[in-house]
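**Student:** What follows is each chain in one-letter form.
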Amino acid sequence: MRKPEFVYVTYIETTPERLWEALTSSEFSRRYWWNTDVVSDWKVGSPFSLVMDGTTTDAGIILEADPPRRLSYTFQHVATGEPAREPPSKVVFELERHGRLVKLTLTHEGFADGSRMLDGISKGWPAIMSSLKSLLESGRALDVPLAALDIEGVG
Amino acid sequence: MSKPSFVYVIYIASTAEKVFEALTDAKISERYWTGNHVESDWKIGSPFRLRLKREDKDVVGEVLEFEPPRRLAYTFHPHHGGMADEPPSRVTFEIEQQKDQVRLTMIHDGFEPGSKVIEGISRGWPLVLSSLKSLLETGHVVLHAPWYEGQDTRRSA
Numbered sequence: 001m002r003k004p005e006f007v008y009v010t011y012i013e014t015t016p017e018r019l020w021e022a023l024t025s026s027e028f029s030r031r032y033w034w035n036t037d038v039v040s041d042w043k044v045g046s047p048f049s050l051v052m053d054g055t056t057t058d059a060g061i062i063l064e065a066d067p068p069r070r071l072s073y074t075f076q077h078v079a080t081g082e083p084a085r086e087p088p089s090k091v092v093f094e095l096e097r098h099g100r101l102v103k104l105t106l107t108h109e110g111f112a113d114g115s116r117m118l119d120g121i122s123k124g125w126p127a128i129m130s131s132l133k134s135l136l137e138s139g140r141a142l143d144v145p146l147a148a149l150d151i152e153g154v155g
Numbered sequence: 156m157s158k159p160s161f162v163y164v165i166y167i168a169s170t171a172e173k174v175f176e177a178l179t180d181a182k183i184s185e186r187y188w189t190g191n192h193v194e195s196d197w198k199i200g201s202p203f204r205l206r207l208k209r210e211d212k213d214v215v216g217e218v219l220e221f222e223p224p225r226r227l228a229y230t231f232h233p234h235h236g237g238m239a240d241e242p243p244s245r246v247t248f249e250i251e252q253q254k255d256q257v258r259l260t261m262i263h264d265g266f267e268p269g270s271k272v273i274e275g276i277s278r279g280w281p282l283v284l285s286s287l288k289s290l291l292e293t294g295h296v297v298l299h300a301p302w303y304e305g306q307d308t309r310r311s312a
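Just so you know, the protein sequences line up as chains A and B, in that order.
Residue numbers 1 to 155, in my numbering, belong to the letters of the first sequence in order.
Residue numbers 156 to 312, in my numbering, belong to the letters of the second sequence in order.
Derived by calculation from the structure, the hints in this document are not laboratory data.
Computed from a predicted structure; not experimentally measured.
In this text, a Cβ means the ideal position worked out from N, Cα and C, and glycines have one as well.
Just so you know, nobody snuck in bad clues.
Stretch by stretch, here's where chain B covers chain A in the computed footprint (C-beta under 8 Å, at least three residues): (1) 7-13; (2) 98-107; (3) 133-140.
Same shape as in the complex, but just chain A (with noise of 0.2 Å):
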């Protein structure tokens, strides 16, 4: 039985480096994530934080920083309800160049069965990832509205 896990793969006009800083760089996460800054010093052992509107809602650990190729960090969500009480989580973005794209892909894993968290982050990364792309193509990021996705506690 295969284990509970989110995939999501894109391909954005781009170069690595520019997605690397995209996904590393507070000025670049707060056009595309919400009004989130992405916070740490990037370096392995370092505390990551996803700070939105002046609220930490999610915590964790770097676990890889190899730019501009992989990125990993633990993920746990530290704000309000039940999805605060599940064990930390893993995010893996790898980054590779094709001619002009970069084809990025991020692994969320380490979810237990029936895990709330795993819903939650399964209807946000989509929109996530697509306004990064439409910010690093077309310089506007897209105002996908956090209620719309109907993840239980959020919006």
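Please arrange chain B on chain A, whose structure you already have, making use of the hints.
**Tutor:** Frame of chain A; chain B shown alone:
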């Protein structure tokens, strides 16, 4: 245990009408579908065909649902690469307008365990739908499939 399926969600700064047109128009589809294109009169029960540029046999199917600009479904039966023996699977598109963008949900299901087709389509759909988004948002698309290295051609709107 649930049957294998592949689901892909992508948000596109466009209208539901334009996304629906891009999914059903032969000329538009050729631009983002790595040179392949769709063919059908889109009546329920009519044949559906995905003309494959690099194979001598097309993907064939039948139109199951056609509700512009919200919903489209067809069966999907590849005949190349030894996949003709598998039963047809099913492709469903759901299109929802939200403010200035569309949420496009693609569900490809109806596979038997161990299907070869699901391996291929799991690799193909993210590229095809990423290209569709680029075409509708920027007017151009980079046709560069990693599995067709060396065929990188940019096409303008």
